[in-house]
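J.: Residue strings, one per chain:
There are 2 protein chains.
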Amino acid sequence: MPDNYLPHQTIQSFAPPVRTLLGPGPSDVPQRVLAALARPTIGYLDPAFVAMMEELKSLMRYAFQTRNALTFPVSGPGSAGMEMCFVNLVNPGDKVIVCRNGVFGGRMIENVERCGGVAVVVDDEWGKPVDPAKLAAALAANPDAKVVAFVHAETSTGALSDAATLCRLAHEAGCLSIVDCVTSLAGVPVLVDEWGADAVYSGSQKCLSCAPGLSPITFSERVVEKIKSRGRKAQSWFLDLDLLLGYWGETTRTYHHTAPNNSLYALHESLLMVAEETLPAAWARHRRNHLALRAGLEQLGLGFVVDEAHRLPQLNAVSIPEGVDDKAVRASLLQDHGIEIGAGLGPLAGKIWRIGLMGYSSREENVLHLLAALESVLAAQGRSVTPGAAVAAAQRSYQG
Amino acid sequence: MPDNYLPHQTIQSFAPPVRTLLGPGPSDVPQRVLAALARPTIGYLDPAFVAMMEELKSLMRYAFQTRNALTFPVSGPGSAGMEMCFVNLVNPGDKVIVCRNGVFGGRMIENVERCGGVAVVVDDEWGKPVDPAKLAAALAANPDAKVVAFVHAETSTGALSDAATLCRLAHEAGCLSIVDCVTSLAGVPVLVDEWGADAVYSGSQKCLSCAPGLSPITFSERVVEKIKSRGRKAQSWFLDLDLLLGYWGETTRTYHHTAPNNSLYALHESLLMVAEETLPAAWARHRRNHLALRAGLEQLGLGFVVDEAHRLPQLNAVSIPEGVDDKAVRASLLQDHGIEIGAGLGPLAGKIWRIGLMGYSSREENVLHLLAALESVLAAQGRSVTPGAAVAAAQRSYQG
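Protein chains in written order, with the working numbering: chain U, 1 to 400; chain V, 1 to 400.
Rather than coming from a laboratory, the hints here were simulated on the basis of the structure. Here a beta-carbon is modelled for each residue, glycine too, at the ideal position from N, C-alpha and C. One thing to keep in mind: the hints can contain errors.
Unchecked claim - Calculated lysine-lysine pairs in the BS3-like style (CA-CA distance at most 25 Å, straight line):
(1) 233/V / 95/U
(2) 226/V / 146/U
(3) 233/V / 233/U
(4) 146/V / 351/V
(5) 233/U / 95/V
Claimed, not checked - Per label pair, the in silico range of CB-to-CB distance:
(6) 365/V / 8/U: 49 to 59 Å
(7) 309/V / 222/U: 50 to 60 Å
(8) 364/U / 398/V: 51 to 61 Å
(9) 253/V / 123/U: 26 to 36 Å
(10) 396/U / 17/V: 45 to 55 Å
(11) 328/U / 168/V: 32 to 42 Å
(12) 17/V / 222/U: 32 to 42 Å
(13) 335/V / 309/U: 50 to 60 Å
(14) 143/U / 121/V: 42 to 52 Å
With these hints in hand, go ahead and build the complete structure from the sequences.
T.: In structure tokens, the structure reads:
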């Protein structure tokens with residue numbers, strides 16, 4: 001009986017340091033959700049678990065504001081949710097119009113191509129919303145397009161696009177719509193039925209403040225019809241909606257893959273917290289904390305990447321001032337203050353910071369803590385800042 | 001601000017019932033692992049998290065008995081691990097020999113076909129191990145085959161195949177090997193380097209007794225070379241090894257997708273428990289409890305599906321006696337005794353039970369509890385059983 005490669009005896013149970021998560025996700029997970037995560041594992045066909053699944057679907061429909069029967073959590077992160085949409089909606093040779101205004105639009109193009117589809121790319125500048133006029137023009141120029149895909153809230157830039165208009169244009173042109181709501185869900189209105197969106201996915205670790213690893217997803221009846229008539233198997237077995245319908249569908253519970261039970265307990269709890277708070281209250285809270293953060297950041301001389309009308313309250317992209325050392329600031333915030341903020345991605349690397357106030361992280365104490373810490377770190381970098389001014393401005397914002 | 005579809009006000013935090021999980025997975029998750037799962041979420045690029053990832057890889061290499069650099073957990077269940085192997089190792093048109101002796105071999109065929117490969121199927125009866133002579137014949141008849149795939153421990157039947165011989169045959173024929181070790185890892189010897197296996201995946205929720213949702217995986221250098229020279233993109237973005245190398249690789253930490261941090265804490269803890277116990281001790285424990293269970297089941301007149309030489313100690317498939325109501329017995333075990341056992345799948349549905357003694361579930365108290373419960377349930381079904389005989393036989397087995 002060989003027994004080689006024993007790992008270093010120094011490995012111990014992992015004790016994560018204390019952090020405040022103010023980056024682009026994951027956000028801070030509240031104790032209630034962590035406690036749910038740690039409840040005893042039971043079988044995924046246990047009647048008690050099956051009853052919990054029904055509640056989970058109902059809670060997800062509330063979060064997405066939809067009556068879609070086919071609403072469930074994908075057993076993987078947001079990128080698995082994205083891929084589930086593309087492998088099921090895009091047939092080989094299908095033309096797909098992808099609106100790209102950041103990293104995640106780019107990832108959608110990768111998905112189209114790997115499904116054998118043809119991507120027609122509508123580009124907008126990073127930091128700007130998707131321009132509906134450009135989508136309208138692309139639809140007019142491509143009457144054979146089958147699908148329109150765009151990102152509602154671009155996590156790489158903090159820009160919010162007009163999903164209602166984009167979905168309407170897609171629908172009027174006879175296209176199905178795929179909408180990335182990873183960062184938007186529960187932070188700003190996501191109104192699946194009102195938009196008439198067809199395939200919408202999100203992530204557990206942003207404004208839901210659940211542990212990372214699940215992707216809530218919802219599909220319209222049009223998608224179900226398309227899948228039933230596609231006459232071929234999806235290229236992915238794991239993400240095949242036909243097969244998943246057997247486990248998450250209305251009446252049957254056929255084994256497909258082992259459900260991530262404990263993660264689903266946690267998602268149930270985090271969605272329950274959203275329902276208890278109600279969506280309008282959650283949206284208002286995200287906005288209130290964003291405005292306070294903005295007031296403070298302005299005192300620190302930090303400007304936003306996105307114009308005010310299209311700014312996400314839950315993800316604040318700010319320009320790094322000339323002469324300030326990006327990595328040194330983030331390292332000091334993390335090591336000296338226990339605060340994580342996000343770096344820029346792609347062409348914005350080194351140029352912006354991404355400050356997330358998502359879900360449970362969107363709280364007054366975090367706004368004040370961050371502003372105080374940022375003031376001290378920027379002062380140490382030789383920036384001229386008025387002591388206490390940023391925090392005072394945020395406090396005024398809360399009082400006003 | 002619309003806010004419709006509020007879920008029923010009756011939904012509360014989910015409180016799972018007390019269960020003992022003696023089915024085909026998930027197995028019981030020990031408190032130590034549940035506690036790890038519930039530790040505070042931190043960022044997936046946090047230096048503390050990155051250090052934990054290195055420990056995790058080292059612990060996984062021990063569990064797999066390999067030095068493979070490319071050893072990491074897939075952010076999805078075992079079926080995602082399976083699909084990662086096929087989408088990265090099988091190019092369109094590639095001939096793949098799949099050995100099928102149960103449900104999961106059949107799933108491998110699905111994967112080959114969805115990757116555009118050509119599956120050559122070597123069938124063995126359900127409940128039997130894969131016959132190496134049939135594989136040798138298939139390799140001789142298909143000199144252009146590129147990959148051989150088989151299941152080490154068939155979860156649907158409880159049969160263990162000779163992975164060392166099957167990998168050697170594949171290798172001698174110039175094929176890469178894909179080996180499903182979902183149910184075998186840490187329950188019976190899985191010796192990746194000694195076998196010369198190329199792509200090996202497992203699941204977190206079987207003999208590792210971690211929460212479900214992750215798939216530990218390891219790839220040989222031959223696979224890395226094949227991927228680097230394939231000259232095309234994998235059909236899956238989420239499961240593309242090229243891209244994942246950037247996050248889980250040796251030196252870099254490029255964002256690919258949001259890692260399921262809390263689930264990874266739990267996997268770290270469960271693998272640490274395996275290393276503390278040591279693999280030979282874990283294998284011996286699974287065998288000891290299996291033998292006691294067998295002694296008790298024989299007293300109850302229950303026979304095994306698999307012959308003794310190829311029986312998995314961690315998954316015991318037993319034939320349901322004539323006249324006994326499958327569903328009634330499982331429902332009574334669950335409702336009256338809190339014990340979950342598994343049903344048969346596919347052609348074995350209604351004909352067998354699958355009794356798992358995996359990981360933390362493989363304990364003397366569970367064996368005795370199950371035998372006592374099964375005796376009472378079978379007696380209620382009108383079977384003639386000698387009161388106390390099954391438990392006594394198991395006790396003798398432990399003492400012997």
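J.: The structure should be examined with respect to each hint, and the outcome stated for every one.
T.: Here is how each hint holds up against the structure:
Our distance criterion of 25 Å between C-alpha atoms is met by residue 233/V and residue 95/U, whose separation comes to about 19 Å. Taking the CA atoms of residue 226/V and residue 146/U, the gap is near 35 Å; set against the 25 Å cutoff, the hint is violated. Distance restraint check for residue 233/V and residue 233/U: the Cα-Cα separation of roughly 20 Å lies within the 25 Å cut-off, and the hinted pair is therefore satisfied. Proposed proximity of residue 146/V and residue 351/V is contradicted: the alpha carbons are some 37 Å apart, above 25 Å.
Under the criterion of a C-alpha separation no larger than 25 Å, the hint pairing residue 233/U with residue 95/V is consistent with the structure, at around 19 Å. Between residue 365/V and residue 8/U the CB atoms are about 33 Å apart, so this pair departs from the stated range of 49 to 59 Å. Range check, residue 309/V to residue 222/U: about 54 Å between beta-carbon atoms, so the 50 to 60 Å window is met. A C-beta distance of roughly 60 Å is found between residue 364/U and residue 398/V, which places it inside the suggested range of 51 to 61 Å.
The beta-carbon spacing between residue 253/V and residue 123/U, approximately 29 Å, falls within the hinted interval of 26 to 36 Å. Under the hint 45 to 55 Å, the C-beta atoms of residue 396/U and residue 17/V, about 52 Å apart, fit the expected range. For residue 328/U paired with residue 168/V, a C-beta distance near 54 Å fails the hint of 32 to 42 Å. In this structure, residue 17/V and residue 222/U meet the distance hint of 32 to 42 Å, their C-beta atoms being roughly 39 Å apart.
For the hinted restraint 50 to 60 Å between residue 335/V and residue 309/U, the CB-CB distance of approximately 58 Å keeps it satisfied. At about 44 Å, the beta-carbon gap between residue 143/U and residue 121/V stays in the expected band of 42 to 52 Å.
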